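Please model the entire structure based on the sequences and the hints provided.
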Amino acid sequence: MRAVFKREFKAYFTTPIGYIVLCAFYAYLGLMFWTTYGAGVPDITGIISGTSVINFFFIPILTMRLMCEDRRQKVDQALLTAPVKLISIVLGKFLAAFAVFAMAYAPTVIFELVFASKVSVNVMTYIYSLIGVLLLGATLISIGMFISCLTESTAVAAILAIVVNIVFMLMSMFSDAVKDNKWFGWLSKVFDKLDFITASENFNYSIFRFADIIYFVSITAVFVFLSVRSLEKRRWS
Numbered sequence: 020m021r022a023v024f025k026r027e028f029k030a031y032f033t034t035p036i037g038y039i040v041l042c043a044f045y046a047y048l049g050l051m052f053w054t055t056y057g058a059g060v061p062d063i064t065g066i067i068s069g070t071s072v073i074n075f076f077f078i079p080i081l082t083m084r085l086m087c088e089d090r091r092q093k094v095d096q097a098l099l100t101a102p103v104k105l106i107s108i109v110l111g112k113f114l115a116a117f118a119v120f121a122m123a124y125a126p127t128v129i130f131e132l133v134f135a136s137k138v139s140v141n142v143m144t145y146i147y148s149l150i151g152v153l154l155l156g157a158t159l160i161s162i163g164m165f166i167s168c169l170t171e172s173t174a175v176a177a178i179l180a181i182v183v184n185i186v187f188m189l190m191s192m193f194s195d196a197v198k199d200n201k202w203f204g205w206l207s208k209v210f211d212k213l214d215f216i217t218a219s220e221n222f223n224y225s226i227f228r229f230a231d232i233i234y235f236v237s238i239t240a241v242f243v244f245l246s247v248r249s250l251e252k253r254r255w256s
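Sequential numbering from 20 applies to the sequence shown in this note's numbering.
In short, the hints are calculated from the structure, not lab data. From a predicted model like this one, the values you see are computed outputs, not experimental measurements. We put the beta carbon where it would ideally sit given N, CA and C, even for glycine. Each hint should be verified, as a subset may be incorrect.
Computed list of lysine to any residue pairs in SDA-like fashion (alpha-carbon distance at most 20 Å, straight line) [stated by the list, open to error]:
no., residue 1, residue 2
1, K25, L114
2, K104, R26
3, K29, L50
4, K212, I185
5, K25, L179
Here are the simulated distance ranges between beta carbons [as the list claims (entries may be wrong)]:
no., residue 1, residue 2, range
6, P35, G69, 23 to 33 Å
7, S139, D199, 26 to 36 Å
8, M192, A118, 43 to 53 Å
9, V241, W205, 15 to 25 Å
10, V128, R26, 20 to 30 Å
11, G69, Y38, 21 to 31 Å
12, S107, S136, 41 to 51 Å
13, D199, A230, 18 to 28 Å
Structure follows, in structure tokens:
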């Protein structure tokens, strides 16, 4: 797993994709901080929560090449027939993407220190918000990675992941649309359960519930498992 992680993590920075994505994200964070600081609002949670929707479009760029790039370059069979467990391959790729994603939030540490130098801050509020967005990111990465298993085209993988993410992002809207419907009202509860944004925003309000952690970890585990199964199917095909 360590070898796969190093290979995938290095790949982000041997091509422009890692630099472009991180620079764009840092620019957005910097703008959010400048706006928040300029308004005299020392609230780091507002900056972090403001990136939640962006991540639905940002993460597919990170995950689009995780699996399909090997197929496109015709090196996937060498990887699949190597004496390495499939779960190690999947987790190595997953952790590489997650590491880059976590790096995107490194500037928030500086932002919190700047706020702390001016006013008294609640560090735990920052930590809760960071945990929430990292859990959301891990879930979206696992989804994007699974979608990348289904195609050889990085562009198709990115577009499909964005479409799926938009569907998840609109779950609260779907829930409201069918809530009072006589026949489909029961779907409202299903849509509420799949509302990633609401679950992650609980952390922004310092609502730390193990149920939310288990929720994100469970969905992440499901899509990691599906990625393993997809590779297993290709190994024996």
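So, going through the hints one by one against the coordinates:
| no. | hint | verdict |
| --- | --- | --- |
| 1 | K25 / L114 | 10 Å, holds |
| 2 | K104 / R26 | 16 Å, holds |
| 3 | K29 / L50 | 28 Å, violated |
| 4 | K212 / I185 | 16 Å, holds |
| 5 | K25 / L179 | 27 Å, violated |
| 6 | P35 / G69: 23 to 33 Å | 26 Å, holds |
| 7 | S139 / D199: 26 to 36 Å | 46 Å, violated |
| 8 | M192 / A118: 43 to 53 Å | 33 Å, violated |
| 9 | V241 / W205: 15 to 25 Å | 22 Å, holds |
| 10 | V128 / R26: 20 to 30 Å | 28 Å, holds |
| 11 | G69 / Y38: 21 to 31 Å | 23 Å, holds |
| 12 | S107 / S136: 41 to 51 Å | 44 Å, holds |
| 13 | D199 / A230: 18 to 28 Å | 27 Å, holds |
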